[in-house]
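Peer 1: The hints should help you fit chains B and C with the ligand onto chain A, whose structure is shown.
Chains A, B and C supply the protein sequences, listed in that same order. Under my numbering, the residues of the first sequence are numbered 1 to 383, in order. Under my numbering, the residues of the second sequence are numbered 1001 to 1325, in order. Under my numbering, the residues of the third sequence are numbered 2001 to 2398, in order.
Derived by calculation from the structure, the hints in this document are not laboratory data. Treat the hints loosely; a few may be bogus.
To give an idea of the interface, some chain A residues facing chain C are shown, with a C-beta separation under 7 Å as derived from the structure [stated by the list, open to error]:
hint, residue
1, 61
2, 63
3, 75
4, 100
5, 107
6, 135
7, 139
8, 159
9, 250
10, 273
11, 309
12, 336
13, 356
14, 358
15, 367
Cross-link-like lysine to aspartate or glutamate pairs, in silico, DMTMM-like; alpha carbons within 20 Å at most [said to hold, decoys possible]:
hint, chain 1, residue 1, chain 2, residue 2
16, A, 177, A, 47
17, A, 307, C, 2266
18, A, 307, C, 2275
19, C, 2323, A, 250
20, A, 110, B, 1064
21, A, 110, A, 146
22, C, 2323, C, 2111
23, C, 2227, B, 1293
24, C, 2106, C, 2074
25, A, 307, C, 2235
26, A, 307, C, 2074
27, A, 371, C, 2349
Each residue gets a CB set at the ideal place from its N, CA and C atoms; glycine is no exception.
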Amino acid sequence: MAVSDTRRVLPVVRDESALPYEHPLYRSLLGVPGLSVATAVLDQLLEWGARNSLWVFPMATSCCGIELMSAAASRVDLDRMGTIVRATPRQADVMVIAGTITTKMAPRVKALWDQMPEPKWAVAMGSCAISGDFYRNLYPVVPGIDTILPVDVYIPGCPPNPEALMHGLLRLQEKIKARTGAPAPRDPVLAAAQLAAAIAVSSNDRSDEPVGEEQELLVQAPDEVPFTEIASDYDTILREQFAVGEFPADGAPIIPAARHHELARTLRASGYRQLVYIVATHCKAKALGKTSPERYEVAYGLRSLGKGSNVASWRVQLEPGASVPSLVGLFAGADFQEREQFDLVGVRFDGHPDLRRIMLADDYEGHPLHKDFPADAPCAPWR
Amino acid sequence: MSGLVHGAQYAVMIVSSLLAVIAIGIWFERKFAGRMQSRLGPTIVGPVGLLQPLADVVKLLQKEDIVPKDADRALFDLAPLLAVLFSLGAAAVVPFSPTAVAADLDIGVLFILAIGALMVIPTFAAGWASNNKFALLGGMRAVAQSVSYAVPLVLVVMVPVILSGSMRVSEIVTFQSEHHWFAVWPIIPGLPAFALFFIAMLAESNRIPFDIPEAESELVAGITTEYTGAKFVLFYMAEYVHTLVGSAVGAALFLGGWDGPFKPGLHWMVLKTLLLFTAVYWVRWTLLRFRSDQLMDLCWKRLVPIAVGLVFLAAAWVQFVPGAR
Amino acid sequence: MTEGLQSARRGAIDPHLSIRHYDADADLMLLHFGPQHPSTHGVFRMDLYLDGEVIVKATPFLGYLHRGVEKLCEKLTYVQQTPVVDKNDYVSPMINEQALNMAFEKLLKLEVPRRARWLRTLLAELQRLASHLLWLGTFTLDLGGALGGGSTLFLHCFRERELILDLFEELTGSRFHYNTHTIGGNRHDLPAGLAAKVEVALAAIAARLGEYEDLSLGHAIFQARTKGVGTLDSDLALELGITGPILRASGVDHDLRRDAPYHAYDELTVNVATEHAGDCFARASVRFAEMRESIRLCRAVLEGLPEGPIAASKAVRLPTAVKIASGQVYVGIEGPRGEIGTFVIAGGDTPTTPYRLKIRAPSMHALAAIPYVMPGATLSDAVAILGSLDPIMGEVDR
Ligand code: SF4
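Chain A with its partners taken away, still in its complex shape:
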């Protein structure tokens, strides 16, 4: 708090623009007997009304939203203090931001906030809304909703209990009563100092070295049993139709990109009807890149149904820039999965009818799960 102390001793500069506005009739009206009492009473009444009827606009994006619902539910019952939930921002007084706000969602939150009529308040519920929680340093998350709109009450927790939300609303009532209004805009100097302090603290984080004699669990070279169990029917298909003799110890069998569509079709015909996963990986690490310095690997898993259900999985390895045949024609569910892998990893799928970004905004640049993408990426334009 040293910063604010130095501020207090700064010389006071008389700034005309900072003076409260005074209506020309103000002085003469002051003389009217009883008027000040009447306006004071009216003021009190208005403030009482505003305080006791806080209608909430639930900006509920994720987990905290569920606790917001719990708060409206029977056990806590926000209706006791006259708080009801309105689905339209036009009739709400308090926006409760409950949940993570992503860069894709933030403009919508701002628009909704702007649609709310004055006087209005904002409550940041949960660490995500306050600071971005542990997603704070990740590419898609807004580090705190107060970077885009003025927050009146912060309710910490992950998620805060429903009781905490109610407490937060009671604090908001106190605030309205005290008529402090919205907080002053952040002092840039103070904010910079706080940020510097925060960075200093976080860079002093504990090291990754194990402390004490806690037992370490380490799995070394997995040569005895492969991780991927291969069911006998899948084994037959692989050996007889695809001439795969050797199964790698560290994962699923590797299939050439040219034959992978055929394998998927064969498997589907022989009972593996459920698409379980499509995972693309950008392999760059030393430990993984024994064969080539940089490549992509796309792993597929199909599940058989009914008793003894198992997953048939395989991998396709790609040089950078190469693409893999799409499975959309075989499995409609591959549509979203392939788009996601394209979006996040940057692998292209041949023959996908609509290969667009799915998670990130269309104009986003880069592929976050690409290993060259920094782990602590700034989330523009907030940082």
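Peer 2: Just chains B and C with the ligand, lined up with the frame of chain A:
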């Protein structure tokens, strides 16, 4: 001249008491809903939360008035006013006691139906003027619904008219106090007609299970999506007034109005109205919502044929039962 | 591209057709349903092309809650992951944790003690019950509105869900994000007396479930709103990779608890409920049957809960205590919404963090059904269909 003064006196009286009743009605509904949902409802603002509706209104009145860009300004402003006006209008001819009636028109029943049918105008105007797709969808749903449900409503209202032989509401009530309440006797056109009236009234005042114009899980807030502050208060009030007046009409036409087992008078009418009002909210907080096509189905395939049958039955009763009139 | 189009339904609807293809000069209304809408269960957006109130085409848009979980997991060590995945499917954190830790255990070839497996079964079934209760509440909220009968059932379901959350709170100290599973076992053993409380809560829920069934499945309006709405045939459901109750409601008898048993399910019998209609009503009745089954399973677990340790080795607490040299596994388990899975590639430059981690989100596959089931339905149906698919955006977008 004296009639005018009398009318004005009672109009003011009825409107102001209606508004007071509505404030309490809103509180009552929230408490009632709370109890149905195993919670408490308002408790903090005022004794047992009684001042909650007042706080809501005070709050809403001081909110910023937003008119959306590209909205039809004149219509947008006019719609909430018209809504309140039309919803209050029907109260003019409802006799709360032999004397407490603002205008005892000899075509009272017709007037009620006409005013009730007018309600669709502000609703659609609001939906249209808001320049919001959800509001527009809500407005269109409201038109379809009101126009359809007006048919069974008109038909079942004919039952008390035929049975009593008058269109003047006070005469219908007097007839019932001299004979029986229509919901009780003749039980066959009477009770089903009352039930149909209740259903049609729910639909006309957009209450669950017929609240598809508002349908906040589908249309956010339907026609009121874009309304803020004072204008929203008017809509909010109109909604309650509409329900309350509808209940009063039902009480007068089917439940014998001010008549009661002892000491007939205003209090009986108020009691019956409030009971019907409660029933509306009981239904509201219990049932789910119909889909719009199912709503039409119900209206045209079930309610209308039954209502036609009831009208014939009523006519037959009057014609063939000795001493029916 | 034609081979996949065998299923009649899929042949009729191609989600990638441009809207112009439908009717070049039709006067269609484009309605942006979401990302902030009372019935989208979070931040999900559909673009609906409406002809009057009938949906001609629906396009889902995801990613409004994309938080970069998989990137975060690459940064965190194996032990640190559990609290992160809690937040994915935030309605069933327990099952997320299990899917994650089971994958790591498989990489480590670690045997989980029997009591821990039984305990995990209990937690999974309680969580499934809580999750389905929340689904029932939100589904009726969609059908009946926040200012109507829907909210009444919603609040009652929440009341019952609180009973389960109380149990979890007593067990783990948290109402919501538990972080109770760890690699090789669990952190928290049942405290004394909790088993009895579980019995009490189960009895209360079992007693009231019939009432809720009357108010929903048994109710004429509920039936009118859900029967024949959003029909998904089994072929299409399989093609989309849909799992869990939605798949079972389409007539596919498939449940990982029975078909590929994990935890203690091989020692218990799991009755799998299936329906054939594939509509919203079928999905609702499957979920009701699953709630009953979960209650039964919970009781069975409490009866047979073995004694013993709840973690394989000394509890893993240090972030860097687990190192995995290499390997690649996938583990999928049956969550309330379908197969929740974890795919891990271990190794890379640091042995303490996974090289790549992907979470299989059943809701994402369920949402893929939207372009196929929405056309022809009305706007009101859209809400019902979305509710019956029960998506949790946290796990869809991750
Ligand atoms: S603060 Fe925690 S509970 Fe709330 S949204 Fe963020 S991760 Fe979820």
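Peer 1: All hints are to be evaluated individually against the structure, with a verdict given for each.
Peer 2: Going down the list of hints, with the structure as the test:
| no. | hint | in the structure |
| --- | --- | --- |
| 1 | 61 | holds (5 Å) |
| 2 | 63 | holds (4 Å) |
| 3 | 75 | holds (5 Å) |
| 4 | 100 | holds (5 Å) |
| 5 | 107 | violated (11 Å) |
| 6 | 135 | holds (5 Å) |
| 7 | 139 | holds (6 Å) |
| 8 | 159 | holds (5 Å) |
| 9 | 250 | holds (5 Å) |
| 10 | 273 | holds (5 Å) |
| 11 | 309 | holds (4 Å) |
| 12 | 336 | holds (5 Å) |
| 13 | 356 | violated (10 Å) |
| 14 | 358 | holds (5 Å) |
| 15 | 367 | violated (11 Å) |
| 16 | A:177 - A:47 | holds (7 Å) |
| 17 | A:307 - C:2266 | holds (12 Å) |
| 18 | A:307 - C:2275 | holds (18 Å) |
| 19 | C:2323 - A:250 | holds (16 Å) |
| 20 | A:110 - B:1064 | holds (18 Å) |
| 21 | A:110 - A:146 | holds (11 Å) |
| 22 | C:2323 - C:2111 | holds (16 Å) |
| 23 | C:2227 - B:1293 | holds (14 Å) |
| 24 | C:2106 - C:2074 | holds (18 Å) |
| 25 | A:307 - C:2235 | holds (19 Å) |
| 26 | A:307 - C:2074 | violated (34 Å) |
| 27 | A:371 - C:2349 | holds (11 Å) |
Against the hints set out earlier in the document, violations occur for numbers 5, 13, 15, 26.
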